Structures are given as C-alpha cells and as structure tokens.
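Chains X and D are the protein sequences, given in the same order.
Quick note on numbering: this note's numbering labels position 13 of the first sequence as 13, and the sequence is numbered without any gaps.
Quick note on numbering: this note's numbering labels position 8 of the second sequence as 1008, and the sequence is numbered without any gaps.
Check the hints yourself; a few may be wrong.
[Stated by the list, open to error] Stretches of chain X that chain D covers, calculated by requiring three or more beta carbons in the stretch to come under 8 angstroms of a beta carbon on chain D: (1) 20-34; (2) 58-65; (3) 71-81.
[Claimed, not checked] Computed spacing ranges between beta-carbons, pair by pair: (4) D:F1143 x X:F36: 20 to 30 angstroms; (5) X:V29 x D:K1029: 21 to 31 angstroms; (6) D:L1141 x X:E70: 37 to 47 angstroms; (7) X:L32 x D:V1140: 33 to 43 angstroms; (8) X:M80 x D:Q1004: 18 to 28 angstroms; (9) D:Q1004 x X:F59: 19 to 29 angstroms; (10) X:V29 x D:V1006: 15 to 25 angstroms; (11) D:R1089 x X:F36: 34 to 44 angstroms.
Rather than coming from a laboratory, the hints here were simulated on the basis of the structure.
These numbers come from a predicted model, not from an experiment.
Here a beta-carbon is modelled for each residue, glycine too, at the ideal position from N, C-alpha and C.
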Amino acid sequence: MFTIGIIGVLIRRNAIIVFMCVELMLNAVNLLLVAFSKMHSASPATKASLTYASDAQIFVFFIMIVAAAEVSVGLAIIVMMYRNTHSIDVNFLNRLKN
Amino acid sequence: MNTQIVFILLSIMAIGSAVAMLLSKSPVKSILWLILVFFAISGNYFLLNAQFLGIVNLIVYAGAIMVLFLFVVMLMNLNADAEQAKNYRLQFIGVISGGCLLLILLSFLMASKTPQPVLMKVGESGLINKLGLTLFHDYVLPFEISSVLFLSAMVGVVVISKK
Chain X
1 MFTIGIIGVL IRRNAIIVFM CVELMLNAVN LLLVAFSKMH SASPATKASL
51 TYASDAQIFV FFIMIVAAAE VSVGLAIIVM MYRNTHSIDV NFLNRLKN
Chain D
1001 MNTQIVFILL SIMAIGSAVA MLLSKSPVKS ILWLILVFFA ISGNYFLLNA
1051 QFLGIVNLIV YAGAIMVLFL FVVMLMNLNA DAEQAKNYRL QFIGVISGGC
1101 LLLILLSFLM ASKTPQPVLM KVGESGLINK LGLTLFHDYV LPFEISSVLF
1151 LSAMVGVVVI SKK
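For reference, chain X alone in the conformation it holds in the complex:
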C-alpha cells in the first residue's frame, strides 16, 4: 500500500490526488506500526509488560494528530494556489523560483 502511494505521487499531476496518496502512505505506516507492536508484545521476552503495544498505539495516535493538521494546511495552500493560477497541475509550480 505504501508503494501504491509512492507510485501515485510519482505518476499523477493533479495536486489533490498527490495529496491523497500522501495520506495513504501515512495510513500504511500506521497500520504496520500497530501490527509490529502486536508482534513484539506477543513474543515471550516481553510477555510481562504490555506497555509496548500501548506506546506504539499512542505513537500512531500522535501521527494521526500531525497528519490532520498537515492536511488542513495543505488543502488551504492548494486552494490558494488554485485561486492564483486556476489550475491544480503540479508541473505548473516549477516556476516557483521566479
């Protein structure tokens, strides 16, 4: 799923689709984090303490918080860009340096 997100960022030129692919990558990483934490907390060495899985899930929770803030800012930037250029083509932005 992470790979699908990366391919999406690479091949699409619509800024919104690129943005959604970034969200997809974030979600894939979150899911992997939870799964790996479950795997480690189930191994016999750490059987006594269940806090590892809790910590990982708190971590995922903070990732979600940051992602939500990032989405709001990014969408505002996209709206502003659309107002200025009337296009959401990413390639349009390569003249940013002027």
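Using the hints, position chain D against chain X.
For chain D alone, kept in the frame of chain X given last:
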C-alpha cells in the same frame, strides 16, 4: 481461521480500492475509493484489537479529512478532463521505480525472522482504558504540544486563505 478470512478480505479490499483510487479519472470518485480504503484499514485495526485507533481512524480520516477533501474538490468545480496531456514515459518510469521499491521491501520482509505470528484479537493494550492511562501519565507533554500545533495550524490556515 475465521479471523484470517476476514483479514484477507479486508486486505484485498484495501489494496484493490487503493489501486482503483489511483486509476479513477475524476477526483470525486478517487476520494470515494480512498474512503473505502480507510474503512478497510479501520477494520484491520479492529482485528488487531486496537479499537480506539479504529474508531479514531474512522472519525478523523473517513469523517473529517475526506469531507474536507470533498469540499475542496467541489469548491474548485473540477471536471474530469482536467488532466490531459499525460506524459506516458514519466508514468512508466514511476511505475517501474515503485515496483523496485516494493521488491526491496518484500525481500527485507522475507529475510527477517518473525518471532511468531501476530496475535489477533488478544491483548488489552488497545482498549481505551489502558490507552488513556498511558496517554495521560507518560505522554502529557506531547499531548499539550499537539494542541499548540493545532492552534498554530488553525491560525496558519486562516492567514493563508485570507490572502
């Protein structure tokens, strides 16, 4: 056994709708496919007995963020033929490099020894009780900092869209 079937179904649903999201032409359809992906991911969280994360994922992503995306798309009044003049060579290169990355990740995953399969539907670490205790005992400071982050994001969005 039952859990495994559900897991496989959810994974197929997630990956299939992610691919469909990429391939669909109009942005609105793409957003709807992405909502389906988020539902599948939430189902996977429930299978891992991380109920709190599953609910939060549903509310935050499928609820709030996707509505935001839909608002922006409808605000811009995009039509389906907004994306013409594709560069097929660039797409080909993108797919090839993404496939290479997938191969590398898979090879690492196969080479690593898993201690034992993930235990699904066991453990109490994902319940709200335990998570809340951890959050407000050990992670109070990051929690407060995240509220400051939200405040600054809010102010930033207002400033950007006022221009």
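Hints, one by one, checked against the model:
Counting residues of the stretch 20-34 of chain X whose CB lies closer than 8 angstroms to any CB of chain D gives 8, which reaches the minimum of 3, so the coverage claim holds. Counting residues of the stretch 58-65 of chain X whose C-beta sits closer than 8 angstroms to any C-beta of chain D gives 6, which meets the bar of three, so the coverage hint holds. Restraint check on the stretch 71-81 of chain X versus chain D: 9 residues with Cβ-Cβ distances below 8 angstroms, three needed, restraint holds. A beta carbon spacing of about 23 angstroms between D:F1143 and X:F36 agrees with the range 20 to 30 angstroms that was offered as a hint.
In this structure, X:V29 and D:K1029 meet the distance hint of 21 to 31 angstroms, their C-beta atoms being roughly 25 angstroms apart. Remark: the range hint 37 to 47 angstroms for D:L1141 to X:E70 is contradicted by a beta-carbon distance near 21 angstroms. Under the hint 33 to 43 angstroms, the C-beta atoms of X:L32 and D:V1140, about 27 angstroms apart, miss the expected range. In this structure the supplied range 18 to 28 angstroms is violated for X:M80 paired with D:Q1004, their Cβ-Cβ distance being about 47 angstroms.
Evaluation of the 19 to 29 angstroms hint for D:Q1004 and X:F59 yields a pass: the beta carbon distance comes to about 27 angstroms. X:V29 and D:V1006 have their C-beta atoms about 22 angstroms apart, which keeps the hinted 15 to 25 angstroms range intact. For D:R1089 and X:F36, the hinted distance range of 34 to 44 angstroms is satisfied, since their beta carbons lie about 37 angstroms from each other.
The structure shown violates the earlier hints numbered 6, 7 and 8.
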